[in-house]
Amino acid sequence: MKSKFMFSKLGYLMGAVLGVSMTANINTAVAAGVNTTGLAVTDKTVKVGILHSLTGTMAISETGAQEAEKLAIKQINESGGILGRQIEYIQEDGASDWPTFAEKSRKLLVKDKVAAVFGCWTSASRKAALPVFEKENGLLYYPTFYEGLEQSHNVIYTGQEATQQILAGLDWVAKEKKAKTFYLIGSDYIWPRTTMKIARKHIEKVLGGRVVGEDYKPLGNTQFGSTINKIRLKKPDVIYAAVVGGSNVAWFKQLKAAGITGKKQTLLTLSVTEDEVLGIGGQNLKGFYSVMKYFQSQTNSNNMKFVKEFKKMHGEDSVIGDVTQAAYLGPWLWKAAVERAGSFDVDKVVAESEKGDIELKTAPEGYVKLHKNHHLWSKTRVAQWNEDGQATVVFESDLIEPNPFPKGYQ
Amino acid sequence: MSDYTTQELISIFAMQGFAGFSLFSVLLLMALGLAIIFGQMGVINMAHGEFMAVGAYTTYLLSAMSEQYFPAFVQYYFIFAIILSFIIAGLLGYLAEFALIRHLYKRPLDTLLATWGLSLIMQQIFRSVFGAREVSPTLPEWLLGSYQPTETIDIPLNGIFVLGLTAFVTLGVFILMYRSTWGLRVRATTQNRVMSGAVGINTKKIDRLTFALGCGIAGIAGAAFTTIASTGPTTGSLYIVDTFMVVVFGGAASLFGTIASAFSIAQAQSILEFFISGSMAKVITLLTIVVFLMMRPEGLFSIKVRK
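So the sequence lines, in the order shown, correspond to chains A and B.
Note that my numbering has the first sequence beginning at 1, numbered continuously upward.
Note that my numbering has the second sequence beginning at 411, numbered continuously upward.
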């Protein structure tokens with residue numbers, strides 16, 4: 001009995017010794033400083049998460065984003081990975097349901113211990129996931145252009161914040177089209193409301209113009225007859241639109257049906273990318289303008305290569321919109337920060353990112369630089385839609401500093 | 411308002427009037443199918459919106475096919491798309507009644523759940539087959555643009571088309587229900603199911619055909635709405651709320667109630683929208699309906715039915 005007990009105790013001791021030696025192994029990794037916080041990093045691989053809606057209403061918009069992230073990850077792996085490690089992604093479905101985004105974020109961070117997450121699309125999904133990322137100290141790369149007024153330690157925003165997108169576009173239309181009167185119309189939720197607030201201030205205070213009407217429609221609304229008549233009555237120089245989702249399609253179809261076309265009227269929209277055009281139809285959009293930081297038709301060599309590779313991976317018919325391109329930047333910006341930090345630790349990666357000098361010369365949109373405030377310096381472009389669903393860029397701004405908390409616009 | 415000439419104000423007035431009629435025709439077309447089924451069988455078809463989507467996708471498919479194989483056909487396919495949408499949605503409705511609904515007539519609340527389940531199944535099928543992105547058929551030239559009776563008036567052609575189609579379908583339903591032998595049987599079944607059976611009406615067959623007819627009309631509505639909005643897997647759920655509103659407000663089982671209800675909701679909505687913002691207009695319209703239904707739960711019109 002006793003000897004057996006001794007033996008088992010010995011076994012226990014052996015186990016403990018083994019355990020120590022394994023800890024020592026991890027400790028050598030610690031010494032290398034690659035991973036001190038227990039992330040899912042081995043000598044060969046590092047795990048990341050992709051979190052977008054694959055089902056539900058938002059799947060339409062989020063499909064492109066996750067395709068771009070997979071392309072970036074594939075390219076990084078082919079070029080040798082990050083710190084010698086291949087990226088493996090775990091994909092979760094946010095299902096267009098905001099609490100699900102929070103739950104899946106927790107799963108990715110707590111159970112899978114991913115080093116970074118590329119994901120979310122709507123502001124609502126980001127706001128739902130944000131507390132989880134802050135509590136578990138995760139790192140989220142968020143690709144959508146959004147209303148601003150946010151800067152979290154745990155999020156890098158690769159899309160434009162509101163002022164970047166809005167101000168340059170308004171300046172352009174005021175100068176090029178001699179626009180004085182504006183009609184603002186949007187869907188009724190946080191992004192269009194905040195956007196229009198900033199736009200109105202800029203029109204009235206800076207451009208010396210006048211807002212002759214401001215209208216919000218419930219999400220999913222498909223009847224714009226009365227609004228179009230109001231616009232006719234007010235005769236604005238510019239229709240400034242931020243209508244989203246299925247409503248967007250109805251809005252443009254009915255404008256066209258009512259005889260309001262790009263020939264007669266300047267319309268500037270903040271919510272139409274190449275993705276939306278598939279549903280709206282180029283024939284209904286022809287002649288109108290979009291303000292974005294990226295258009296698929298850009299002809300710089302980065303973009304030509306990107307478009308080619310994207311189509312090779314996801315099909316000849318696929319189109320690339322603004323958010324898709326911004327999502328593509330996520331893994332590359334993460335790679336740059338990790339390599340500088342020499343570590344996957346979230347705090348170290350964020351600290352590098354916050355130095356404000358990580359730049360990406362290979363970005364399809366041209367050139368971007370990460371600002372101290374977690375947003376990107378980027379150019380804003382105005383482009384006019386053609387019947388084939390592609391847009392011709394007619395204006396390109398200088399690099400614009402991100403300003404998520406604009407003073408005087410609140 | 412002094413900047414405007416009388417001519418311009420008259421034009422806006424005319425166009426705004428048309429916007430109201432246009433919304434009226436849309437609401438009526440959506441609600442007709444649901445009202446027929448609800449009135450006849452007391453079944454609330456939660457999958458009504460999805461049957462509309464069936465029509466819309468049929469139109470899209472026909473559009474894509476004619477573009478690919480018979481470019482000359484592109485100008486005319488839309489008429490056939492409407493007929494085909496009616497047939498396909500109707501057949502699917504016939505099947506759904508046969509496989510699902512008929513087993514649940516004695517448990518009306520369960521039909522609510524069953525048809526809701528059916529709507530989820532159909533949405534997922536749309537998503538698997540057509541993808542998550544929204545699609546739009548290419549519209550023939552004669553449905554695009556506007557009719558200009560004077561310099562300053564633009565009447566959307568697709569609005570005129572939907573208005574005409576709604577009038578045609580409503581007239582068809584009226585003749586079928588009130589001027590045909592079949593309609594007589596349907597109304598008899600509605601009023602007294604047992605007695606109708608006793609005098610030799612095959613009430614089961616009546617039920618099945620009525621359900622199929624309701625779904626077929628939903629298919630027509632779906633096809634017509636491709637001229638106004640786009641089609642996605644969840645398009646149906648966008649329309650279902652408005653549809654219910656019209657049917658409940660109008661009073662179940664009454665064709666005239668449905669028409670009157672669609673008309674008053676559409677006019678209230680479009681006039682309010684002209685003066686205040688779209689969201690507030692919707693809130694006020696809904697509030698008015700709620701208050702009205704609190705005072706008169708049976709809706710605008712109702713037929714006395716022997717239970």
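It should be emphasised that the hints constitute simulated quantities derived from the structure, not laboratory data.
Everything numeric in this text was worked out from a predicted model, so none of it was measured.
Ideal placement from N, C-alpha and C gives every residue a C-beta, glycine not left out.
Watch out, some of these pointers could steer you wrong.
Unchecked claim - Quick list of simulated restraints, FRET-style, between CB atoms:
#	chain 1	residue 1	chain 2	residue 2	range
1	B	Phe480	A	Lys180	47 to 53 Å
2	A	Lys407	B	Phe685	31 to 37 Å
3	B	Gly582	A	Lys234	52 to 58 Å
What the hints assert, rightly or not - For lysine-lysine, the following DSSO-like pairs were computed, each having C-alpha atoms within a straight-line distance of at most 27 Å:
#	chain 1	residue 1	chain 2	residue 2
4	A	Lys135	A	Lys175
5	A	Lys361	A	Lys407
6	A	Lys235	B	Lys516
7	A	Lys197	B	Lys692
8	A	Lys70	A	Lys264
9	A	Lys234	A	Lys178
10	A	Lys305	A	Lys70
11	A	Lys234	B	Lys692
12	A	Lys47	A	Lys235
Right, here's what the structure says about each hint:
1. Look at B/Phe480 against A/Lys180: about 49 Å separates their beta carbons, and that is inside 47 to 53 Å.
2. In this structure the supplied range 31 to 37 Å holds for A/Lys407 paired with B/Phe685, their Cβ-Cβ distance being about 35 Å.
3. Against the hinted window of 52 to 58 Å, the Cβ-Cβ separation of B/Gly582 and A/Lys234 comes to about 41 Å, which falls outside the hint.
4. The suggested pairing of A/Lys135 with A/Lys175 is violated, with an alpha-carbon distance near 47 Å, which exceeds 27 Å.
5. At roughly 30 Å between alpha-carbon atoms, A/Lys361 and A/Lys407 are farther apart than 27 Å, so this suggested pair is violated.
6. Between A/Lys235 and B/Lys516 the alpha-carbon distance is near 58 Å, which puts this suggested pair outside the 27 Å criterion.
7. Straight-line distance between C-alpha atoms of A/Lys197 and B/Lys692 comes to about 22 Å, which keeps the hinted pair within the 27 Å bound.
8. A distance of roughly 42 Å separates the Cα atoms of A/Lys70 and A/Lys264; the hinted pair therefore is violated under the 27 Å criterion.
9. Proposed proximity of A/Lys234 and A/Lys178 is supported: the alpha carbons are some 17 Å apart, at most 27 Å.
10. Taking the CA atoms of A/Lys305 and A/Lys70, the gap is near 16 Å; set against the 27 Å cutoff, the hint holds.
11. This hinted pair checks out: A/Lys234 and B/Lys692 have alpha carbons roughly 22 Å apart, not beyond 27 Å.
12. Between A/Lys47 and A/Lys235 the alpha-carbon distance is near 55 Å, which puts this suggested pair outside the 27 Å criterion.
Hints 3, 4, 5, 6, 8, 12 from the earlier list are contradicted by this structure; the remaining hints agree with it.
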